[in-house]
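Chain residues, written in single-letter form:
There are 4 protein chains.
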Amino acid sequence: MTPDTFSERYNPAIAQTMIELGNAMPGLAQYLGIELVEFGPGTLLARAQLGENLLTPSGNVHGGVLAGIMDHITGAVIYPLMPDGHWGATTELKLNYIAPVQAGTVDAHASVLAMTKRSAVVRGELQVQDRLVCAGQGTITIVAPRTP
Amino acid sequence: MTPDTFSERYNPAIAQTMIELGNAMPGLAQYLGIELVEFGPGTLLARAQLGENLLTPSGNVHGGVLAGIMDHITGAVIYPLMPDGHWGATTELKLNYIAPVQAGTVDAHASVLAMTKRSAVVRGELQVQDRLVCAGQGTITIVAPRTP
Amino acid sequence: MTPDTFSERYNPAIAQTMIELGNAMPGLAQYLGIELVEFGPGTLLARAQLGENLLTPSGNVHGGVLAGIMDHITGAVIYPLMPDGHWGATTELKLNYIAPVQAGTVDAHASVLAMTKRSAVVRGELQVQDRLVCAGQGTITIVAPRTP
Amino acid sequence: MTPDTFSERYNPAIAQTMIELGNAMPGLAQYLGIELVEFGPGTLLARAQLGENLLTPSGNVHGGVLAGIMDHITGAVIYPLMPDGHWGATTELKLNYIAPVQAGTVDAHASVLAMTKRSAVVRGELQVQDRLVCAGQGTITIVAPRTP
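Chains as they are written, first to last, in my numbering: chain A, 1 to 148; chain B, 1001 to 1148; chain C, 2001 to 2148; chain D, 3001 to 3148.
It is worth saying that the hints were derived from the structure and are not from the lab.
Some hints here could point you the wrong way.
[Stated by the list, open to error] Restraint-style ranges between C-beta atoms, simulated for each label pair:
(1) Glu-2020/C - Thr-3105/D: 28 to 36 Å
(2) Gln-1016/B - Thr-5/A: 51 to 59 Å
(3) Glu-2035/C - Asp-130/A: 44 to 52 Å
For each residue, glycine too, the CB sits at the ideal point set by N, CA and C.
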């Protein structure tokens, strides 16, 4: 499956569920202020509102916060492309931190580069006011539901 | 500077401060339950107590939690090797997620592979009961204090 | 320096020299059949003609060949953006191998995501007949010429 | 399968074949001067004799050469741990280039961090006279032979 065929597999109902339930769910994503905004076939736009509590003594956002956002969005972007009930487990992820980030809004874009039945290669970009601050690339393993 | 010369540069007073102040500091590390336990010349042992609030609906710990721990420990390990007042900024980090992790205790080991005045290459390993669950490798850029 | 300002710094004379001299130079790039084709401000298109000698017993191109191409193009793309006489040293590189590659032509695209006076974050994509087969992301450190 | 169980799975006959046939095989590994020296359960020691033809105009070994060595050894190390006839395909690889390398001998160590029936996470280290010059970490996907 290459990007030009993602639209055949894209399930907007899963995307809608991800947005409605995902944003209401407590846990890391909520702590990091992440809101899933809009899915497309192989794409995801999210946004994070980073509070003062996520800074280090340097005054910049903790790198682990950006890593957490990147992990979250690159994992989420494939859900509407998988059969219902499947889930994705990040196998590996690489991040380049490009500029320090202060408290405030971060825009997060994820995209799927390639996908098979077993795995997907994904990219992510975090931006502050249209400036790239972090770029990621990783692999998601696709896990089928256990047959009872 | 290679690992066999780290002991000449190692400042135990900075290590002690990291443990005392770092563990008391609110923010991401505290949210993730991270406790810095013991520094050595180019090494760090930490521990994280992962609560149920850090799981995803799959029942496993969110990958972003492991990424956050890895970012934190690989950044912290170099402080006792730097001149006082310098700080480290993670430039890039790569993680391999090896096994799913449940709520409970994670042991976290960081080590410095090589270090110059400008940067350090570091590794991290997260373990659950002696089993490796996540391996990381990255670069920390060393930032000198601004001269007033 | 962000991508929208690369054109101010872009030196087409360096690009021309890279193409003329680089392609004539013996060494790894020639062994791998790499030809630099066209530079732009922060972009590079190259092409590699991969012979049967670069296959493994599996019948696919050796992963090290794709790694070599990726290292070469992500290193070359920044030259026209640097002051004359500076050179780039790859500090780290990450590759995702997406599909097996057979002998034949590989198109190689490199682009600069961000660049300072000291380093650049770059991406590369290798394609066979418009299909992505390998994606890379890395850091190039910029080295100034020694003053005599 | 964790490192303490690799010895149960280790097949020295495959290791012997890798050394005898592998070193005689033309292709990238031979061009890079790589010689597989000794396998163990989850470990591999190799050596590369890097000639002047592998340098760039900077006088240092081309980064793609080190990437090729790293890809080769991290792929080879798992063969004696796999059932006969299986092969390994590198899925992703990350390299940190730590110091410039000149023509001469490079020692290359690969080790397996973890392995399942489907994949292995591996590390590699390149050394010049006991000094670490390049560190790698990646994933190998295990491919079963096609049933006829």
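So, going through the hints one by one against the coordinates:
no.	hint	in the structure
1	Glu-2020/C - Thr-3105/D: 28 to 36 Å	holds (34 Å)
2	Gln-1016/B - Thr-5/A: 51 to 59 Å	holds (57 Å)
3	Glu-2035/C - Asp-130/A: 44 to 52 Å	violated (35 Å)
This entry does not satisfy hint 3, going by the numbered hints stated previously; all others are met.
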